[in-house]
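*Asks:* Keeping the supplied structure of chain A fixed, place chain B upon it in accordance with the hints.
Number of protein chains: 2
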Amino acid sequence: MPFRQAQWLLRMNGLGKGSGLGKGSGVEEGALARGDSRTSGFSTGSKPTGSEPCSANRRSVSTPAPSPGMGRGMSDRPRFEFSVAATDGRARTGAIAMRRGEIRTPAFMPVGTAATVKGMKPAGVRAIGADIILGNTYHLMLRPGAERMERLGGLHGFMQWDRPILTDSGGYQVMSLSELAKISEDGVAFKSHLDGSRHMLTPERSMEIQRLLGSDIVMAFDECTPFPATRERAESSMERSMRWAARSRDAFDAGGGHAASAALFGIQQGSMEEDLRRRSSEALAGIGFDGYAVGGLAVGEGQAEMFRVLDFAVDMLPAGRPRYLMGVGKPDDIVGAVERGIDMFDCVLPTRSGRNGQGFTWDGPINIRNAKFAEDMAPIDPESPIAPWSRAYLHHLVKSGEMLGAMLMTEHNLWFYQRLMAELRAAIAEGRLAGFAEAFRARYCGGKA
Amino acid sequence: MPFRQAQWLLRMNGLGKGSGLGKGSGVEEGALARGDSRTSGFSTGSKPTGSEPCSANRRSVSTPAPSPGMGRGMSDRPRFEFSVAATDGRARTGAIAMRRGEIRTPAFMPVGTAATVKGMKPAGVRAIGADIILGNTYHLMLRPGAERMERLGGLHGFMQWDRPILTDSGGYQVMSLSELAKISEDGVAFKSHLDGSRHMLTPERSMEIQRLLGSDIVMAFDECTPFPATRERAESSMERSMRWAARSRDAFDAGGGHAASAALFGIQQGSMEEDLRRRSSEALAGIGFDGYAVGGLAVGEGQAEMFRVLDFAVDMLPAGRPRYLMGVGKPDDIVGAVERGIDMFDCVLPTRSGRNGQGFTWDGPINIRNAKFAEDMAPIDPESPIAPWSRAYLHHLVKSGEMLGAMLMTEHNLWFYQRLMAELRAAIAEGRLAGFAEAFRARYCGGKA
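Line by line, the protein sequences are chains A and B. For the first sequence, position 134 matches number 134 in our numbering, and the numbering has no gaps at all. Convert by adding 1000 to the 1-based position in the second sequence; the result is the number in our numbering.
Any given hint could be a false lead.
[Stated by the list, open to error] A short, non-exhaustive set of chain B residues, derived as facing chain A with CB atoms under 8 Å:
no.	residue
1	1144
2	1146
3	1402
These are computed hints drawn from the structure, not numbers from a lab. Backbone N, C-alpha and C define an ideal beta-carbon position, used for all residues, glycine too.
Chain A extracted, bound-state conformation (with noise of 0.2 Å):
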């Protein structure tokens, strides 16, 4: 019998018959291999405005410039330079490119928690087509600490992934995670879940704490506001939020050499409010930023909620600069926020349910435990980097709580999760997103694996 795993080297070696990732997308991820240099990019200075104009309204990929090589060195590269190739719709396709690499957009960023994409390494992270991924402040800071993380070099070599690293402020995961948090106008005094011992976080560390780790993309501190939230609670929530949005901005800007390489994102807020939203997004883009996430969604309002705010929230946004949705989500939320304009996200789903078991396919997801799957000579996907491994395997490794198992099914969510994004880029590129996501949800959602 012919491995079918010796195949897959092949093709991950360029050796075989076309890359995984490639299939299906060949205008954009052609482009990328040629090196494009995209023409509708937007420079930033220092500390930029939320007012440029996007002039990025066309469907066709610029020609390619000759290739810039892999050899070109971090310091010959823009700060932070967001070009949009194609829109559709409200959907937009393009890259950032930074020092440490370019990130395509719309992108999905693996959840790299504590300095570590958990079950994979970072060369593994990389081959599904990551160009980013996430670290959060709270973890980090409690284990194994700014500081020391600074003295190991920062978190890309601690970890050695040499791209692009956005981390969140900690303000989120310090409310939900640590314990006797208690928030007042300078920041949010509580104690660590590991050890008790006790800490602070305030918009100025949280700037620190993310230089220490040598971040690429910084997120300002903010208050995720609770949902359900009255009002008041939203509009004070939100104001104090924007508050901090100034002081992050300063401090991120005092930071010296590192404020000179990396980006600094801002938060909106304003819960489910549009004048809310808006009167967030008016606050930011006057702070100015090289990026604005939206915040406080994906925190229990459901779907449809959710997209009723993103229909009014993301175009509020400066145009020019990417838009990031916090936290989000399942693969048909991705869609859904593509389709309204987003261009960035981050999720621990397809870690964290891969870790239990559940899988995801275009025909929606599947728990790899259930017993139907137990002779199931089957590829969980065929074009899947896991696809040498059949489900009865699979179901096998997680029914019996074996490691592999659960990194198994990490690479393969993350695969998936990498290559939805890569055909949205190019149904963006091509001017057939809304025919895509249309035979996306009905497949996804409506059938049964």
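*Replies:* For chain B alone, kept in the frame of chain A given last:
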């Protein structure tokens, strides 16, 4: 900073400065790389005897023949051919040629209990130099089940390992892991530790299960005599194991196509008694096996007692056949056993202790959880495949309970074991085993990492 990981990948692809495994073992590895066809092979018929002469008391590696290439099909390869390329004292180095590939000896077999080497993909196990892995009959017969495994195409396809697999007989684990095991002349009746279901293992059923799994090297069904044992118990246990060995031989030979492509090993018992070991060896040689294992050691007797037994037990076994010391052991156990003529080993130590944070180094084992490693920027070993990551990172991962910590420590430890085997093979081939072993012990057992 240039990333060490990239350098490692280059080395693995043969594009960098020399391969890790080849270093320090140039003669042997070089010969293997050229497809050395050894001249002192023992071709075996369907039922070998133990009386072949050993014509391999040479120091030099034979002149390499033209490479047979990797494309040689399974059916063109010998069923089982053990060739000794060189001896040094009682130690030997050579290779076992089988349908699914060559096993360089002395060999260490990583343990893949439940159809997975815990925490590693098969490609990784192969990349660090393993020629063969071990599967556990007891675990696999319970989950996923032997008949199911056959329906799924056998263990090789199931787990995607295309090289030789040795399976134990289940005799040892049924006594140590199952509930209510009752031994009789027929075999062992027991209840599964997983679900309490009732099962029976006999020599005939063990051979059938190992055939259904598609094992390449099948172990005879025996009783691992407990330690300590009275002389009477040791004698009666050994005698029953010899009757079971004959029944195993008959049942294996009735296995049709499987018997024509796989090998069967007998297992010497006799506890710590020289005369019992001799009678056991004579009984096994009379039956005739492809290889011979030393059983009933590494059961709590200690290294000195184990070496005392090996001093007389190994030479009793047919010299022209591989000798396998089951369940051993620590690196210094292996060095001492190789000096006493052992060719094959298996042990859970590198994998199990790796998951617990123990890492092997030439200066002895270290516990990566120790606080002194929290800011240690050095790799665990500069030649290790996990050298891109610092001891500080491993410390962080293991302390944090991260899966990647167990994965990296496992990979390192299995690499360490394979590297030790490669060094032993090179030392034997070059006639300098005594010096190598002395230097190894001085550093490994005397040094503090």
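*Asks:* Would the stated hint for residue 1402 of chain B survive a check requiring a Cβ distance to chain A of less than 8 Å?
*Replies:* Hint on residue 1402 of chain B: holds, closest Cβ of chain A at ~5 Å, below 8 Å.
*Asks:* Using Cβ atoms only, decide whether residue 1146 of chain B comes closer than 8 Å to chain A, and label the hint accordingly.
*Replies:* With Cβ-Cβ at 13 Å, over 8 Å, it is violated.
*Asks:* Do the numbers back the hint for residue 1144 of chain B, that is, is its least Cβ distance to chain A under 8 Å?
*Replies:* Holds. Min distance 5 Å.
Checked against the numbered hints listed earlier, the structure breaks hint 2 alone; every other hint is satisfied.
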